[in-house]
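Take the sequences, apply the hints, and build the full model.
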Amino acid sequence: MCDFDLKNIADPEYFAENRIPAHSDHMYYESEEAASSGVSAFRHSLGGVWKFAWSRNVKTAITDFMGAEYDCLGWEDITVPACIQLEGYGAPQYVNTQYPWDGHEEISPGEIPQDHNPVGHYVKYFSLPKSMKEGPVCICFEGVESGIALWLNGHYVGYSTDSFTPSEFDLTEYIDRDGVNKLAAMVFRYTAGSWCEDQDFFRFSGIFRDVYLYTMPGVHIADMRVTARPDDGYEKGELRLALEATAEGRARVQLAYRGMEVMSDERPLKMSTIMAYDIDAPHLWSAEKPELYDLKISVYDSAGVLSEVVTERVGFRDFGMRDGVMCLNGKRLVFRGVNRHDFSSANGRVVSVEEIRKDLVTMKRNNINAVRTSHYPNPTALYRMCDEYGLYVIDENDLETHGVWDPIARGEEPVEYAVPGDRPEYMDMIADRARSMYERDKNHPSILIWSCGNEAYGGSDLKRLHDLFREWDDTRLVHYEGVVNDDRYPDTTDMVSNMYWPVSKIREYLSENREKPVISCEYTHAMG
1212 MCDFDLKNIA
1222 DPEYFAENRI
1232 PAHSDHMYYE
1242 SEEAASSGVS
1252 AFRHSLGGVW
1262 KFAWSRNVKT
1272 AITDFMGAEY
1282 DCLGWEDITV
1292 PACIQLEGYG
1302 APQYVNTQYP
1312 WDGHEEISPG
1322 EIPQDHNPVG
1332 HYVKYFSLPK
1342 SMKEGPVCIC
1352 FEGVESGIAL
1362 WLNGHYVGYS
1372 TDSFTPSEFD
1382 LTEYIDRDGV
1392 NKLAAMVFRY
1402 TAGSWCEDQD
1412 FFRFSGIFRD
1422 VYLYTMPGVH
1432 IADMRVTARP
1442 DDGYEKGELR
1452 LALEATAEGR
1462 ARVQLAYRGM
1472 EVMSDERPLK
1482 MSTIMAYDID
1492 APHLWSAEKP
1502 ELYDLKISVY
1512 DSAGVLSEVV
1522 TERVGFRDFG
1532 MRDGVMCLNG
1542 KRLVFRGVNR
1552 HDFSSANGRV
1562 VSVEEIRKDL
1572 VTMKRNNINA
1582 VRTSHYPNPT
1592 ALYRMCDEYG
1602 LYVIDENDLE
1612 THGVWDPIAR
1622 GEEPVEYAVP
1632 GDRPEYMDMI
1642 ADRARSMYER
1652 DKNHPSILIW
1662 SCGNEAYGGS
1672 DLKRLHDLFR
1682 EWDDTRLVHY
1692 EGVVNDDRYP
1702 DTTDMVSNMY
1712 WPVSKIREYL
1722 SENREKPVIS
1732 CEYTHAMG
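Numbered according to our numbering, the sequence shown spans residues 1212 to 1739.
No wet-lab data here; the hints were simulated from the structure.
Being a predicted model, the structure only gives us computed values, none of them experimental.
No incorrect hints appear here.
As a list, the in silico DSS-like pairs of lysine-lysine whose alpha-carbon atoms are at most 30 Å apart: (1) Lys1500 to Lys1575; (2) Lys1716 to Lys1727; (3) Lys1481 to Lys1507; (4) Lys1447 to Lys1542; (5) Lys1344 to Lys1481; (6) Lys1500 to Lys1727; (7) Lys1500 to Lys1447.
Derived CB-CB ranges, DEER-like: (8) Pro1347 to Asp1288: 27 to 35 Å; (9) Glu1499 to Asp1214: 53 to 61 Å; (10) Glu1719 to Arg1621: 18 to 26 Å; (11) Ala1252 to Arg1621: 55 to 63 Å; (12) Tyr1336 to Gln1309: 35 to 43 Å; (13) Lys1569 to Met1471: 29 to 37 Å; (14) Tyr1281 to Asp1685: 49 to 57 Å; (15) Val1714 to Glu1459: 58 to 66 Å; (16) Tyr1488 to Asp1685: 17 to 25 Å; (17) Gln1325 to Pro1347: 36 to 44 Å; (18) Glu1624 to Glu1384: 44 to 52 Å.
Even for Gly, the Cβ is constructed at its ideal location relative to N, Cα and C.
Rendered as structure tokens:
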């Protein structure tokens, strides 16, 4: 029987269990040659055909399929990644401001739909590749909507919500290194987190981004923070690395610009290591000239044997507020941007690298210089392309509760009805979402602004979210539009952000308010 309490998925304070802490999205390889090829033996894709069964709701879910002896080979096939509703199970739903269950079930925050809350039962049988016969074995789901409970060989592994950032788990304890493994997952269409995912878009569920196994060598950089900033005169720059390693060893750091070595250094690698280097006359990153340096860190164990090669692209730039004006590299910056949903007309949430590239190239060809990831974190591929092509990014947290604050705006509900609002039970959940986005994306020079979310009204929870971003990162600003609807906490945002204001209203506002710059974060849209 199921050793996972299905009632927990309605609890906003239960949003993750046994999940690996979020970390940077840097790549690491087993050798210099592998780093040059971009293919890592430390990763093994589980994408492709899985076994699948569908239930209308949690009450009718199959509660023993995860057992090692339960034979799922006769089940239907499903492609991973894919949206369940585009694979013949249920139907996609487009909703704007309402919640998808409105008009079907009367529920309140802290509850989830009971009659229509489909569950996808996924099973993947796999054997480990030779490169993973030793060492830890973990799994990464880059995107699952809207919650996943996971088992391996009949053992419960963990649970996670937040559809748009990675969910990673350690499988080492239960892995069969020589035989066939059975990976089983319950994917829930609605969880407590669904109250925070009421974006204006098509509603789906399923494993919609890549899934892969990964391992780590004995000495491994598990997380790193890269900051590259010019000095006040823009004549020198500082490259600063904060590295978190799994064991001590040595690290050789190399920085190159267009194939020419700029800096090389080797020193001991501790469990926590700070390295800082002065760079003469750094080439500055901007949308007009997206100058990037290539960072390579070769990691060695205590015996001097190469353990891994870490790569990252680095952009030197300075961004912040000067006398109430947003400035990049000392010059006033004006965003000429668009909002972008991560959506494929053919495959829904499953968006190929080629489709992302086409979107961004189209933007550049039309003199667009900025993109807002409306209204959730995008795949890592998008940020890497924005770094390379030169697009400023407002990286938006996966938080929208339009269906809750709309009744407040109409006077049908009190301010206390807002989610997250001032509700303590949602604070940890939304902070976890923000932290997952920040940790994954923190090293991308294209990201200039963190966004707390979209159309989630206001309240002390969102103000706390702003403060957390500022604690984590002093190189970027923080955005939130909802302050114009609930001005109790005006410092929730570093700029005044509005939607659909006519030019006359913007001029009128600026004639009386000059403390903060103004962004029109939305001004026209095409329904979803």
